[in-house]
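S.K.: Read off the chains here:
Number of protein chains: 2
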Amino acid sequence: MKCRVCRGPAVVDVRRANANFCPDHFLRFCRDQVDRAIGEFAMIAPGDRVLVAVSGGKDSLAVWDLLLELGHDVEGFYVGLGIGDYSDVSGQHARRFAASRGLVLHEVDLPEEYGFDIPEGSRAARRAPCSACGTSKRHLFDRAAIEGGFDVLVTGHNLDDEAAVLFGNVLHWQTDYLARQAPVLPASNGFPRKVKPLVRLSERETAAYCIVKGIDYLVEECPMSAGNKHIGYKDALNDIELRSPGTKADFYFGFLRRAAEQFRSGATGGDAAGLGRCDRCGSPSEAELCAFCRLVDRATTDRHSRSVPPAPVEIQLGTTRSNEDPR
Amino acid sequence: MKCRVCRGPAVVDVRRANANFCPDHFLRFCRDQVDRAIGEFAMIAPGDRVLVAVSGGKDSLAVWDLLLELGHDVEGFYVGLGIGDYSDVSGQHARRFAASRGLVLHEVDLPEEYGFDIPEGSRAARRAPCSACGTSKRHLFDRAAIEGGFDVLVTGHNLDDEAAVLFGNVLHWQTDYLARQAPVLPASNGFPRKVKPLVRLSERETAAYCIVKGIDYLVEECPMSAGNKHIGYKDALNDIELRSPGTKADFYFGFLRRAAEQFRSGATGGDAAGLGRCDRCGSPSEAELCAFCRLVDRATTDRHSRSVPPAPVEIQLGTTRSNEDPR
Chain F
62 MKCRVCRGPA
72 VVDVRRANAN
82 FCPDHFLRFC
92 RDQVDRAIGE
102 FAMIAPGDRV
112 LVAVSGGKDS
122 LAVWDLLLEL
132 GHDVEGFYVG
142 LGIGDYSDVS
152 GQHARRFAAS
162 RGLVLHEVDL
172 PEEYGFDIPE
182 GSRAARRAPC
192 SACGTSKRHL
202 FDRAAIEGGF
212 DVLVTGHNLD
222 DEAAVLFGNV
232 LHWQTDYLAR
242 QAPVLPASNG
252 FPRKVKPLVR
262 LSERETAAYC
272 IVKGIDYLVE
282 ECPMSAGNKH
292 IGYKDALNDI
302 ELRSPGTKAD
312 FYFGFLRRAA
322 EQFRSGATGG
332 DAAGLGRCDR
342 CGSPSEAELC
352 AFCRLVDRAT
362 TDRHSRSVPP
372 APVEIQLGTT
382 RSNEDPR
Chain P
62 MKCRVCRGPA
72 VVDVRRANAN
82 FCPDHFLRFC
92 RDQVDRAIGE
102 FAMIAPGDRV
112 LVAVSGGKDS
122 LAVWDLLLEL
132 GHDVEGFYVG
142 LGIGDYSDVS
152 GQHARRFAAS
162 RGLVLHEVDL
172 PEEYGFDIPE
182 GSRAARRAPC
192 SACGTSKRHL
202 FDRAAIEGGF
212 DVLVTGHNLD
222 DEAAVLFGNV
232 LHWQTDYLAR
242 QAPVLPASNG
252 FPRKVKPLVR
262 LSERETAAYC
272 IVKGIDYLVE
282 ECPMSAGNKH
292 IGYKDALNDI
302 ELRSPGTKAD
312 FYFGFLRRAA
322 EQFRSGATGG
332 DAAGLGRCDR
342 CGSPSEAELC
352 AFCRLVDRAT
362 TDRHSRSVPP
372 APVEIQLGTT
382 RSNEDPR
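First to last, the protein sequences are chains F and P.
Convert by adding 61 to the 1-based position in the first sequence; the result is the number in the working numbering.
Convert by adding 61 to the 1-based position in the second sequence; the result is the number in the working numbering.
If you're looking for bench data, these hints aren't it; they were derived computationally from the structure.
Being a predicted model, the structure only gives us computed values, none of them experimental.
One should not assume that every hint holds.
The calculated lysine-lysine pairs, modelled on BS3-like cross-linking and capped at a C-alpha distance of 27 Å, are [claimed, not checked]:
1) P:Lys198 / P:Lys63
2) F:Lys295 / P:Lys290
3) P:Lys290 / F:Lys290
4) F:Lys295 / P:Lys295
Over the 10 Å line for every Cβ pair with chain P, so calculated as not near, a few chain F residues [stated by the list, open to error]:
5) Cys67
6) Ala71
7) Asp85
8) Gly100
9) Phe102
10) Ala106
11) Tyr147
12) Asp149
13) Gly163
14) Asp203
15) Gln242
16) Ser249
17) Asn250
18) Asp311
19) Gly315
20) Gly343
Interface residues of chain F toward chain P, partial, derived using beta-carbon atoms under 8 Å [stated by the list, open to error]:
21) Phe90
22) Val231
23) Leu232
24) His233
25) Trp234
26) Tyr238
27) Gly293
28) Ala297
29) Phe312
30) Ala320
Glycine is no exception: its CB is placed at the ideal position from the N, C-alpha and C atoms.
Based on the sequences and whatever the hints tell you, model everything.
M.R.: Right under this line is the structure:
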């Protein structure tokens, strides 16, 4: 197996590109893919202040590293979700990465600052853990980006993630979701611009990037994700990709090129224009209280068997700089 | 396991309907599903003369039987494809079914009447066997329906078939195909009306129907279908269906209800209006010679190493009535 570029010994194969790469040219391939995604979808402009949502897993650490390599100005944001050991170890990976490079990592701890963790929030809301977790992370990421004055919020969603979400939306023809699925969501009415620079890289490639680059990431999957439908969708797409390399990318980018517009033209609203504000936290919201504040109420009422909702909480952005101490 | 209707011992479970059925009520369930599909999509009008494309497999024999049960006037049409033993045995099943019920079965034998079989046609056209086979069957089915004066051509495509085709079209966002995918194709400009009354029944259910009804069908898959992508798509959808019963039906009928129209409104032609005629056989065709006549030329030229195409061939509908003799 020889590197497509230099004919030296290759260590990674990228079957959909029909190419093998040596370590250096694989890293360059990854940078090129991210640079191309950023350019193609106008994700980040020169001089933008970028906040990346960091979990300590391969994708978020890879995208942070890649954006720095490409010369962007990026700080990290980590949310402690209170999922036992998993959260402890994921936080350590995020902090270690930031510390080793002298980067700014902001942190919010859900149990400490909002009085509940994801298992409690999930039980209280009677929803799947991934749903309570998604609500919490979206809210905290958005607020951190807006309140920190960042121009853009980056998440580590890769091609497999996006293709699996697309597959789920297509399986149930959720046309409103299909109208909104895109690698860039523009800033609007209280929401920050959100972008996914890893959409041109697969899960396997972001993992290989971390390994080749010596980035120590949290390998374990979240223990609460068992039964998550998107894992089944990823498996199904992986089976097909194995037989026909390139299908996953064709599915996702073909959607963006040839189909997304048809759903957008038929969409029934769903954008943020005209949204009100959450009475408590001021986030954009259709209801009096936003989904996150309602989750806080349910989770903390449930926990303390109180009938009165807790007092409003201000987001406190803790900052770790070159600091490996546990919080 | 008890029958949902009569509480007697059940023999078939239909997980997406969360129901078990005894033999009699399962047969009624199947009839109801077919009757509902026919009504919902206006497939067959009272008094229509119906031609069903028969392969000798579970789907075509089940749909023939079900249409008769529902009181329709149905004759069968069988194409001998020259795929060795597979074709010999499939023809026997089709003839035996017709003979045992005193039904009319028309037949065309591809090697006898056109001078090539599917393996030869596939090699000559340098296309996958399923492609040469599809071209041949579509052409011969359409002509048989038109020349026999039938009002409607029925095929045995079931829910799994349609969902797999939809999945393939979606994976590659073939928007023109998506615009045309429907359980009914109206008659137009030389093409007969084509309908799929089994779209509300899964593959497993049509097989169970035949078993319960004592219909002796050809169980073997076509030996040339190995590597066919739709088999992979079916496997992928079956994995998902197993975890979330009902997903396959939701995918297909959700498409028809909520998405198909958006592709049709954006479609760039592809309907038969304005098509010319094949110079040789008179079928609707965009080119001077239709796809089937071109296939005949390539296959027979290849076989006999001739440089001149063979003379035009008239379709001869052979008829078997209550007759089990091999042809």
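S.K.: Identify every previously stated hint that the structure contradicts and give their numbers, smallest first.
M.R.: 1, 18, 19, 21 and 26
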